[in-house]
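Protein chains in written order, with the numbering used here: chain B, 94 to 561; chain E, 5 to 526.
Hints are supplied without guarantee of correctness; some may be wrong.
Label pairs and their computed distance ranges (CB to CB) [claimed, not checked]:
#, chain 1, residue 1, chain 2, residue 2, range
1, E, R187, B, P445, 52 to 62 Å
2, E, T102, B, R102, 53 to 63 Å
3, B, P495, E, T253, 46 to 56 Å
To spell it out: a stretch of chain E is covered by chain B in this simulated footprint if at least three of its residues, at any positions, have a beta carbon under 8 Å from a beta carbon of chain B; those stretches are [claimed, not checked]:
#, region
4, 196 to 203
5, 238 to 244
6, 353 to 365
Covered, in the sense of this in silico footprint (three residues per stretch, anywhere, with C-beta under 8 Å from a C-beta of chain B), are these stretches of chain E [unchecked claim]:
#, region
7, 264 to 274
8, 476 to 487
Since the hints were made in silico from the structure, they are not lab data. Beta carbons: idealized from backbone N, C-alpha and C, even for Gly.
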Amino acid sequence: MSVANPRVRIRRRSVEAPAGDVGMWVKMFDPPTESPPTPELIPPTNPVPEVMAAAGLTNSPPSPHLWETDLLHGLSAATWDNRPGGLEFFTLDQPNNRAASGTFPGPTVRIPRGAIFHSSTQGKGPPPHTIHWHGMEPTPMNDGVGHCSMEIGSYTYQFQPNFMGFYFYHCHRNTVQHFEFGLYGALIIHTPDAFHASLNPDGTLNSIPIGASRDGNFRVAANLKGTPLARLQRNFRPLTARDPRGEFPTDPHAHTVPYDVEALWVVDDRDSVWSDIASDAREFFPAHGSTPGVDDQWARGIFNEYRSDYWFVTGIPVVPLDRVKRLGNVGRIRARAVIPPGLNGGIGANAPGTATQVPINARVNDTILIRVLDAAYNYARITFPADVVIIAFDGRALGVPPFGRYNHSFLLRAGTPILLSTARRFDCLMRPTRPMNSFAKVEFLDTQSRSRGPGRLRQTARIPIRIR
Amino acid sequence: MDVDRRTFLKAGSIVGGGGLAIWLGGASPAWRGAESAFAATTRTLHLRVTDAMKEMATHNTINPAECYFWVYQVVRPAGIQAEVPGPNLFCRAGDVVTIVLENDLDEPHNFAVPAARIKSPPVRPRGRVTFRFRAPKPGTYLYYDSLNAPVNRMMGLHGALVVMPRPANGTPYSSNDGRRNPRMRQLFADLGRAAHWPGLAWDQGGLNPGGFPPTPPFRQYIWVLHEASPRLFEEVGRAPRGRNFNPRTFEERFLDDRVLLNAPGVAPDENHTPQYCAINGQSGHFAHASPFITPHLRVGEPCVIRVLNAGMWSHSMHLHANHFYVLAVNNSFRYQPQILPGQHDNHIWADTFTARPLDCWDWLVPYMRPPDVPNVRGIGLPDLPRRSRAAPIDTFGDDANGLTPRARRTWPPIQELHMNIPPIGTVAGDGRPMHVPLSPVCYPMHDHSEPSQAAQGGNYNMGLIAGINFIGDRNIDANGRRDGNPNRSLTFPHTPLVRTARATGAAAGPRPPFPHVPRGNV
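Model the full assembly from the supplied sequences, consistent with the hints where possible.
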């Protein structure tokens, strides 16, 4: 037995007859651009485009309740160390939104639970593209995965979010590159009465902060029973309970708790070699030979190798404390930053103190909701300087019946690390009882390793937390 | 006839998986569907450690995409095609299994189930040993060659051992585990019984009208994850006879070799890092299109997926269409301290989870209607779908008159099920039709640690990918209304007429010509 003369030959399955998979095979990696009508179309009811227009952040939507997304656009951004050529990003924008004209990450999409969401989506620049609403679970055309349905062109995605929580969206075309280069944004599902509550019948804004529920509180799905924060929980009615005001099919506040401050931590990394060698959105695409499915040829690429050397938290660069670029170094993000309302579903526009934070600046006894997404191809290991209660993973609140009968919220003590791999999320609540001037630690680690655990520590990022 | 779960009380399982499944429990398990569930039934398994050249995912005629492997080849029972990984082995707790292991190669090899402290003696080159083991407690185990770690395992000498409880108790675990983990037990008790989980229990089968095969009970699939480096594996194969390849050198090259860039416009040279990432030895289209890797089930037919990471990369596996419950990790309900610190019997409902090297973990996919399809209350419960009056769709339709029907409700998605993308009439340069029907409904599972999606570092979608496909719905009629009869079901058009939770021939090699029913019954 030898390499030259192995005992066994294992043949590749043919996609030709009798399997007859040639169409599926070609579609899997080089599908044509399509712009089909949305099947099973029903009228949208998402109030957020109207809220943003009323806040003066956007023009009125071209048709009622229509969200719009454009991709892709390019952005060449300088790095903290003025790397020659900077870093190339791919960005999403919104035609009617001045703030959303190509940012990294893309604008945060916020929708009340139960609303019918429509996103009119245009693929521009080097097509095709898709949008996958990660964690949303609609029919395949609205799920936005090319080989399972189609790549666009243009299309109106339709779904109705059924579970409050933290999700994200990204282009699912050549995801290895398009997600890495920035074609993504956060997606957050609110209480059913949020956004509706801030609009008067005449379409103007009232004083309820944008994103808050009709009782004026920001609310998040949770069951805190058995945790140190159990006393925050007042309304424990079942999800199926009737709305006491009769405005929604069910009680919009069932199984939610109020919070004072929201922080969004999207941790990400970049390999600058990819930016240099593969800055074309069609890099390493296959080229058809003369016979589809037989002579499909693709160039050998570099996307199987990943060595991060720049890191970000919600688009804010991580800068080494000693300003030296070195594997294993420790850096931080700046101490103050909030997400502009125009990139955040309008949150903060009519109540500046409610804007979503990245570094945390809050007061003693505030209930702080921290939403964490690992958008890096590295592992992210997160350590908090204070106790937190983990209330949800991946947009599913722990312990909320009926589907949460099999799990429960839990206390994560200060100093105990929790590990996320790419695309995993959690939501947690922190309620500091003492002033604090500290930071959370995010360690970026390789996914390849000699052991069962994560691999080499590539960088540590500090996210400031200041409690007055 | 109701295929009642009582019928299967003595049963171990009906199996899925991409490779061949072998039942090691002696006499063929006596329950419906078992006749086709396993490629072979035996108490004595004769394996040969040998080598193979395998064609990986590509159709690039200027690049044969071959990779050299070492394999556990099944000698007896006869007639089983060699594959990487080795065969899926199934037995029940306490079964005594005999393995005859012979070694065709130039260095010592073994067969071990380290998580169960089972290990054969080393077999010298050209040697043979016979050894027995008693199957450990029910769960998911990686078997592999533990010598010269990690080289022999990474070269392809690995596979899945699934141990089912004896007697069956409605869960994949022992009744002791059920007592100690009441939330896990409650989950299995609720499937098919609680109002939020209409359909079949996990251990319950059902009949399907329209000539479709019955849905088997104990639906389960195996996903063995692995990464392959053609250049490094060939170097191991060319090592001097009788000398082990240095495992530290192997690790360094596999994990940390740097890409070798050429002049602009010239493809980089192949290095020693993995060029292919596979599930059950298959990548991209070849895994997602296989009903033996990708479950093809109806709404209301929950299944268990067992994920075993035989490689050296962590994978962050994201399932579309349904969140899944994380059951046991490494057959423990205490989980991994860093991923769910301090937690026990706390089954998160996640869309992405972490498979670290050598981890074995189990998912429960509820196979609920994708919950963000618009419905009456919008709270995730199996409500009536929203009414829809959308106009007929012409260009993409596949009806006889070229128009899909007017939509009635958002589910079943009748317009979408009758669309083709690309549309009918799309042909290749040689005139072959290239249209693809959107039914049955297709969703991917992929590693979101995306470098694993790039075969040979380039083309996306030829990597570590599978999926879950929906071939129908057993909870509703064509108008979207609830139907509680477990022996009635909707089957979507173009569903392959194959018993999907069943073992089959090798995942590689010619694909069986699955007959399709063009219309289904919606």
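These are the hints, each one checked on the structure:
Restraint check, R187 of chain E to P445 of chain B: a C-beta distance of roughly 43 Å breaks the suggested window 52 to 62 Å. Remark: the range hint 53 to 63 Å for T102 of chain E to R102 of chain B is contradicted by a beta-carbon distance near 29 Å. A hinted range of 46 to 56 Å for the beta carbons of P495 of chain B and T253 of chain E is consistent with their spacing of about 54 Å. Given a C-beta distance limit of less than 8 Å, the hint that chain B covers the region 196 to 203 of chain E holds, as 3 residues qualify and 3 suffice.
Counting residues of the region 238 to 244 of chain E whose CB falls under 8 Å from any CB of chain B gives 3; the rule of at least 3 is met. Coverage of the region 353 to 365 of chain E by chain B holds in this model, with 10 residues showing a Cβ closer than 8 Å to a Cβ of that chain against a need of three. Coverage of the region 264 to 274 of chain E by chain B holds. Counting CB-CB distances below 8 Å, 4 residues qualify, and the rule asks for three or more. Only residues whose beta carbon comes within less than 8 Å of a beta carbon in chain B count, and the region 476 to 487 of chain E has 0; fewer than three means the coverage is violated.
Hint compliance for this structure: hints 1, 2, 8 are not met, and every other hint is.
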